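Trainee: Chain by chain, the residues run as shown.
4 protein chains.
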Amino acid sequence: MRIEQTKVNQMNIKKDMKVSELMEEFENCGVLGSGRVARASDLLAAMINEEDMHIFMSMAGPQVPGGMRNIIAYMIKHEYINVLVTSGANITHDLLESFGGRHYRDFGDDDEKLNKAGIGRIADVYTQNDDFEIFETEINKIFDKLSKKLDNPKDKGIISINTLLHEIGLIIDDENSILHQAAIHNVDIFAPGIVDSMLGLQLWMFTQDHNLILDVVKDMHHFSDLVFESSEIGGIFLGGGVPKHYTMASTLLKGGLDAAIQITMDRPETGSLSGAPLEEAKSWSKAKCGSNLANVVGDATIIFPLIFAAALDKIQ
Amino acid sequence: MRIEQTKVNQMNIKKDMKVSELMEEFENCGVLGSGRVARASDLLAAMINEEDMHIFMSMAGPQVPGGMRNIIAYMIKHEYINVLVTSGANITHDLLESFGGRHYRDFGDDDEKLNKAGIGRIADVYTQNDDFEIFETEINKIFDKLSKKLDNPKDKGIISINTLLHEIGLIIDDENSILHQAAIHNVDIFAPGIVDSMLGLQLWMFTQDHNLILDVVKDMHHFSDLVFESSEIGGIFLGGGVPKHYTMASTLLKGGLDAAIQITMDRPETGSLSGAPLEEAKSWSKAKCGSNLANVVGDATIIFPLIFAAALDKIQ
Amino acid sequence: MRIEQTKVNQMNIKKDMKVSELMEEFENCGVLGSGRVARASDLLAAMINEEDMHIFMSMAGPQVPGGMRNIIAYMIKHEYINVLVTSGANITHDLLESFGGRHYRDFGDDDEKLNKAGIGRIADVYTQNDDFEIFETEINKIFDKLSKKLDNPKDKGIISINTLLHEIGLIIDDENSILHQAAIHNVDIFAPGIVDSMLGLQLWMFTQDHNLILDVVKDMHHFSDLVFESSEIGGIFLGGGVPKHYTMASTLLKGGLDAAIQITMDRPETGSLSGAPLEEAKSWSKAKCGSNLANVVGDATIIFPLIFAAALDKIQ
Amino acid sequence: MRIEQTKVNQMNIKKDMKVSELMEEFENCGVLGSGRVARASDLLAAMINEEDMHIFMSMAGPQVPGGMRNIIAYMIKHEYINVLVTSGANITHDLLESFGGRHYRDFGDDDEKLNKAGIGRIADVYTQNDDFEIFETEINKIFDKLSKKLDNPKDKGIISINTLLHEIGLIIDDENSILHQAAIHNVDIFAPGIVDSMLGLQLWMFTQDHNLILDVVKDMHHFSDLVFESSEIGGIFLGGGVPKHYTMASTLLKGGLDAAIQITMDRPETGSLSGAPLEEAKSWSKAKCGSNLANVVGDATIIFPLIFAAALDKIQ
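For the record, the sequence lines run as chains A, B, C and D. Okay, so the first sequence: first residue is 122 according to our numbering, each after it adds one. Okay, so the second sequence: first residue is 122 according to our numbering, each after it adds one. Okay, so the third sequence: first residue is 122 according to our numbering, each after it adds one. Okay, so the fourth sequence: first residue is 122 according to our numbering, each after it adds one.
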């Protein structure tokens, strides 16, 4: 064993330190949490710098309510990613902000009191019913436009989720919106569990007296085309859930991911895919044998801004 | 403070102990993990015994591969639950066993070797490609039947996920199948993320040359009817994910859950709904103010059999 | 690969089920959490049945406040274990109950209110200042007796922790006391971090005006004798911390553990020994290569009563 | 409720970002993980800037093997902290590096192979037997010196752990050593569980034929003096275990901590003090009612360098 090359270097901290300098200390240390974070940051930069690699990003959990909206929109704007797979909730909260709503803090955790005050709680992030009422009005205006557009013999009112989100993104006039940036930069958004959200609820109510059919299988035709078009596929997995598996499973068509990073607090013990290390995907051909995979156990709203800020200094 | 009534009793263990006797020790102790487990078990029995309560159960994570299939089928057979919301994966694995496939163990965790041997890994549970090939053949036969049945001017090839699963369950001839038991006992199964599974993949391939449209919003019409028909609603949440939120959000139409138990290893810190304690649902009117809620931090494949076995001795 | 022998059996639950029958279902399933629990239960029974094996048990975390006191006392009374390594806190709480104090529940989590009411909180377990005042009076009476006994030219007031705990155990008149049962059954108790507890605090105050020196290194002489006397060494690890490592490291003198079970919620990512799987101990010769080791990720106050109750039916 | 002041601001990332700029984004966001990290960083700077506050730092888990040695030594050198409470293991590994040993990486996790190669594993950090042999030789030389120094009628060979560590620190000639920096800067180090380490093992073997008595209670006399001398007490808790409780409990003598930050992956469910939020300490008067407390759920080797680097830009 070549001991010389494998020493752990103690980390050093100084005033006025840049994020990328901190990351270099993590890299020189190279073990435990800091080692994992450094490898993920380095791999993120490498994936983005790789011309032939298309990056599919998945995002579960309350990333938009938790402050990650601009970071994701920035990544889309710079076309660092090609596909975003997320939950109906993150899309709902992206739209909520575009329609003038906000997320709030410092209201405590007495859920019965919050209920009476018309405030919905996501851990220590809060939403207001008033904002959801505006959301309801605005999203229904958009559904109405779309329904009319699809009311023709060719479409028969049928739309895929991906196209729905693209159409909404085109209508939204908000530079900071994930949906808007994706629409104008041709980044595809998928949300296979979209019905399970406020957006889904509004869709359901709209369809009670309008002809609008959300064909959930149709998305997969387009997604598979995107997979086949990609020479190499990189993955960014923030959290687990349906977005993680949907993203991962899509790559099966091309033998799996070539490289990927995962940041999640979920653990492998229960056997849930959310907590599975990326290596497990190799057995299923959802990651290639020999692929470059980096797992970080941590909170994505802390770890991803950190590794992305450091990666930016390496991106050409 | 009335100190007298609130003493912690030390637990006692003896030979030939019944599960319900162990649970009684947990209850008398009443604190930390054993206290939470005992409250959940007690509430489970109470919910099932309550004539006017309909129970909606959600199940995420690899519960079927992890050995929970017969327990769920038993609950359905005895009509202890009225609705089951789960993932496409659990449905796929239920069908895999009905079609003669199995789940395996003791193959180690070298994922590249497993890949070459045609074995897919879920932590320490394994599946074989051969079994999935049979799954593919058999499920396509069923799709074919259904497609023909729906090929008429009224249906136009459109089907809801719930109806699809009911139809499959009627065709499957397997006493141990969750889908089969649900179909013959009129227990409704929902799987809003169904496309994100092997079943979903087969559906997508089938629809490439057949007219079969999975209308994901359609389910919500039926689910909302089930909610309105329920005098009181109880919830059983094994794991989190889309099944948890979809189940919870449905109850919004009736002011939220009246009672519920949750068993998950997920934690609240990331703000993910999966790890949120049930109390948070009150702020959103997804659980009633004053509802009876029991949270257990633990692995569902250990904790649920334990609390259900103890609850059985109290069920009338 | 011999597929036949490695199938996962779905678990079955029935009314009036015995704990050992539930454990048999876990064993037949054999994967994920239930598989790990079954292997630990089986190994526990085997270790106790093995005549030539001495069992060293370590116990961290609030096991006595959390309801495990009688179970541990029972194990000592039946001489299922030979050594117990624990924290000063568990010993303090064992004595607290012997002196007439209790643990309480249902006081909520407003720590400032609890402080004013003289109530100390351990998650949802509570203690009262009044009980600690009695503890103080009683333990000082015991220290006084011991100090006089040690006031001779041979002892010079010096005592090891292990001997101190043995002497206290002989004085305590309480069948349910861990210390008392250990004293009368010649089970050795070690508590290397004893100063870090209410007992330690009282010791410190006592020594301000009495000659009593706690020689922390002296214990290791006796512990090493116990290790050398053991043909084979089994380990039971509830939680991690100093008790885990102290127990494990002692076995180094004889090439490490021959068999062991561990139950903890701690995880390996931070590199902390508390969360390390038992296998890691092999690299340090704290577990033998080829030793039989079972790790369970779970809450010891739930899992240990469960596996011990099932093991009892197998113990000869 | 004053909604205006409580909005969540979406985070922004840019090239060449300073760590303190990233922390400002976390602060403006203010919720979930990033909010907790920002509050801890801000409080750390405030505690260090507060002239009248003495800071007691506790450090459990493999912080020295994990790359934190220089950061802790830097904090001591700049007298940012006044007391350090840690494990025998961190002290052992600090000395190991001073004696020329190192920590290594990239050896895999086959513990039986590692054992045969003389390599001890701490997750993905490795140590070599050769380095421990040098440690043994060197530490025994130091024990010998100390034993001779204490061999007089006044000391009778008795020494407190704190004094032992101070004396070792004076002898060690290594700018990067935590023990050395502490010795020359009059920062006190306590290690109540010191026997539970390689250092403890060597101590035990040395005392078999030398007169050296480690009086574990003696430390508390000095520690209590340090507490009484402090106008205000701040706490930094990396990980839990004995170091956390010992540090916290010492402050009882002065009504508890005035301010503190905690970084740990441990959770409250098991009731273990390691996972308890700092607020719980208020009930025990180990933190003052009204004290300023910040908890972060995360890996200290990632989070502490991040918050300390950001805090440095605010320290006067």
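Be careful, since some hints might not be right.
Which copy? The list can't say, so a pair holds if one copy fits it or any two copies do.
[Stated by the list, open to error] As a list, the in silico BS3-like pairs of lysine-lysine whose alpha-carbon atoms are at most 25 Å apart:
1) K270 x K198
2) K277 x K237
3) K128 x K237
4) K435 x K135
5) K234 x K375
6) K269 x K139
7) K435 x K136
8) K139 x K435
9) K262 x K275
10) K139 x K237
11) K139 x K198
12) K270 x K128
13) K234 x K128
Note that these hints are calculated values from the structure, not bench results. Nothing here was measured: the structure is a model prediction, and the numbers come from that model.
Trainee: Work down the list of hints and note, for each, if the structure agrees.
Mentor: The hints, checked one at a time:
1. In this homomeric assembly, K270 and K198 never come within 25 Å of each other (Cα to Cα): the closest approach is 27 Å inside a single copy and 47 Å across copies.
2. Taking CA atoms no more than 25 Å apart as the test, K277 paired with K237 passes in neither setting, with 43 Å inside one copy and 45 Å between copies.
3. For a Cα distance limit of 25 Å, the shortest separation of K128 from K237 across copies, 20 Å, qualifies, whereas the shortest one inside one copy, 58 Å, does not.
4. Taking CA atoms no more than 25 Å apart as the test, K435 paired with K135 passes in both settings, with 21 Å inside one copy and 12 Å between copies.
5. In the homo-oligomer, the alpha carbons of K234 and K375 lie at most 25 Å apart only across protomers (19 Å), although the nearest pairing inside one protomer, at 51 Å, exceeds that limit.
6. For the identical chains of this complex, K269 and K139 are neighbours neither inside a copy (52 Å) nor across copies (50 Å), given an alpha-carbon limit of 25 Å.
7. Proximity of K435 and K136 under a CA criterion of 25 Å is satisfied in both settings, with 22 Å inside one chain copy and 9 Å between copies.
8. Taking the shortest alpha-carbon separations for K139 and K435, both the intra-copy value of 13 Å and the inter-copy value of 15 Å come in at or below 25 Å.
9. Taking the closest pair of Cα atoms, K262 and K275 come within 25 Å of each other only inside a single copy of the chain (23 Å); across copies the shortest separation is 29 Å, beyond that limit.
10. In this assembly of identical chains, K139 and K237 lie within 25 Å of each other by CA distance neither inside one copy nor across copies; the values are 45 Å within and 42 Å between.
11. For a Cα distance limit of 25 Å, the shortest separation of K139 from K198 qualifies both inside one copy, at 24 Å, and across copies, at 23 Å.
12. Taking the closest pair of Cα atoms, K270 and K128 never come within 25 Å of each other, the shortest separation being 63 Å inside a single copy and 37 Å across copies.
13. In this assembly of identical chains, K234 and K128 lie within 25 Å of each other by CA distance solely across copies; the values are 19 Å between and 55 Å within a copy.
Violated hints, in rising order: 1, 2, 6, 10 and 12; the structure is consistent with all others.
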